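Just need the whole structure built from these sequences, with the hints factored in.
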Amino acid sequence: MTIRKTVGISSITLIIATVLTAFYVLEELLLPINHVSASGYGLSAIDYRLVSILVNLPLIIIWFVAFWGYSQLKAYSKSLGNSREAPAYRSLAIGIAWLTYGLIIKTMVERLLAALSNTNPALVGPTTIISSYLNLILPLIGFIIIFAASKTLMRLQSSLTKTIKPLQLMGLCLVAGAIYNFTYIRAAGLHSISSHNNIYNLPGWLLLISLILPYLYAWLIGLTASYQLGLISLHSSGILYKKALSYLTIGLITIVIGFMFNQYLSAIWPLKNHLVLNYQLIIILLFRIISGIGFIIAAIGANKLRMIEEL
Amino acid sequence: MAKLSNSSTYNQVVEVTRKYLGPAAERFINRQVSNHLKKNPKQLTKADLASLIDWIKVIVSLITEDTSIVEEYISELSKLSMPKSQKGKANP
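Residue numbers (this note's numbering), protein chains in the order written: chain A, 1 to 311; chain B, 1 to 92.
None of these hints come from the bench; they were simulated from the model. It is possible that some hints are incorrect.
Pairs of lysine-lysine, DSSO-like flavour, derived with a Cα cap of 27 Å [claimed, not checked]:
| hint | chain 1 | residue 1 | chain 2 | residue 2 |
| --- | --- | --- | --- | --- |
| 1 | A | 242 | B | 19 |
| 2 | A | 78 | B | 39 |
| 3 | A | 78 | B | 19 |
| 4 | B | 79 | A | 242 |
| 5 | B | 19 | A | 243 |
| 6 | B | 42 | A | 78 |
| 7 | B | 57 | B | 79 |
| 8 | A | 242 | B | 57 |
| 9 | A | 243 | B | 79 |
| 10 | A | 243 | A | 78 |
| 11 | A | 78 | B | 38 |
| 12 | A | 151 | B | 19 |
| 13 | A | 78 | A | 151 |
| 14 | A | 242 | A | 151 |
| 15 | B | 39 | B | 79 |
| 16 | B | 38 | B | 19 |
| 17 | B | 57 | A | 243 |
| 18 | B | 19 | B | 42 |
| 19 | A | 78 | A | 242 |
Here are the simulated distance ranges between beta carbons [stated by the list, open to error]:
| hint | chain 1 | residue 1 | chain 2 | residue 2 | range |
| --- | --- | --- | --- | --- | --- |
| 20 | A | 311 | B | 11 | 17 to 27 Å |
| 21 | A | 51 | B | 30 | 51 to 61 Å |
| 22 | A | 133 | B | 31 | 17 to 27 Å |
| 23 | B | 51 | A | 239 | 20 to 30 Å |
| 24 | B | 38 | A | 82 | 41 to 51 Å |
| 25 | A | 137 | B | 51 | 53 to 63 Å |
| 26 | A | 137 | B | 62 | 41 to 51 Å |
| 27 | A | 234 | B | 79 | 21 to 31 Å |
One side of the interface only, derived from the structure: several residues of chain A facing chain B at Cβ under 7 Å [stated by the list, open to error]:
| hint | residue |
| --- | --- |
| 28 | 236 |
| 29 | 237 |
| 30 | 238 |
| 31 | 239 |
| 32 | 240 |
| 33 | 241 |
| 34 | 307 |
| 35 | 308 |
| 36 | 311 |
It should be emphasised that the depicted structure is a prediction, and the values quoted were computed from it without experimental measurement. Backbone N, C-alpha and C define an ideal beta-carbon position, used for all residues, glycine too.
Laid out in structure tokens, this is it:
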């Protein structure tokens, strides 16, 4: 086996990951900073930039891990050739690609938006709005694709359709939705449904229709996809195949749940145009690390499955 | 009659493999027979089993570190090459 096959990351994916990371580091080094925040932390401009990069170093590592995980899953889906489960795993890989690329693109765009609002305070509102929708849309597309793929895999195992427990799932989503709505509205400081005098700079009714409800939808399909992937793994046959598949599905479930929590946290703690060094950073980082662990586990599973298909 | 027993050997091997490799079983056996025995998988005979089992042992050892599963799988495949009278003695 070549080193490339063993490591499981294609040259193109590695180049893309490196270029995007370099671009982000350049953003941190070159874009305008928030001097008030820098003064508040007692940091010079260059120190502020270096601290920003250091604080985001775990995130950069997670990007590479995510790209590696995505590469392994893509390689596995290719190894399936024309088998009946191949299209579903190709879709899973595309869904994971959306989450992977979304993670890095969101961070880069948010850095750019923060720089814009640092140079022109009148742009704080629009940049917060753009960031809010970016936080929703990119993972939502990934969740939709992953959900469709898990549905296809469920259909391939026809015996599984009788084991779905929709009421329990809906109950879980209702509880999660209620908690989310409470914390979201509290964080927004909404006083009236038509006022946009809140941290999201959107009227309450628009927040509800275009952000809150789509978030709930994203998490419903994310949870359902996770549940379906779990069922698929539990009911698959073949001792070795099942073991490898369980790594992949546990990894994917961890990724989806990690991203859901990240979305939730980014929703209740919207974009700030300065460095934040408090408990919020630690909690966000924790769930990013959970997603990163998910990518590692999924990559191990995908690699084992690919060996079954290629050796 | 010979052709029927040949396809039966293939089906038996796939059936045993399915316990370990699930939906990938048929693809796996097809690949091993085509690549290493250089023949049509459906034309697999009992005489080919010894070579096939040797290859499968090597490949599966790369897939898993659990030697007990590898040994169990190989043992199941080896039983297919035994005459029926010996199979009865092996499994009282």
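- Earlier hints that do not hold, by number: Hints 22 and 24 contradicted; others consistent.
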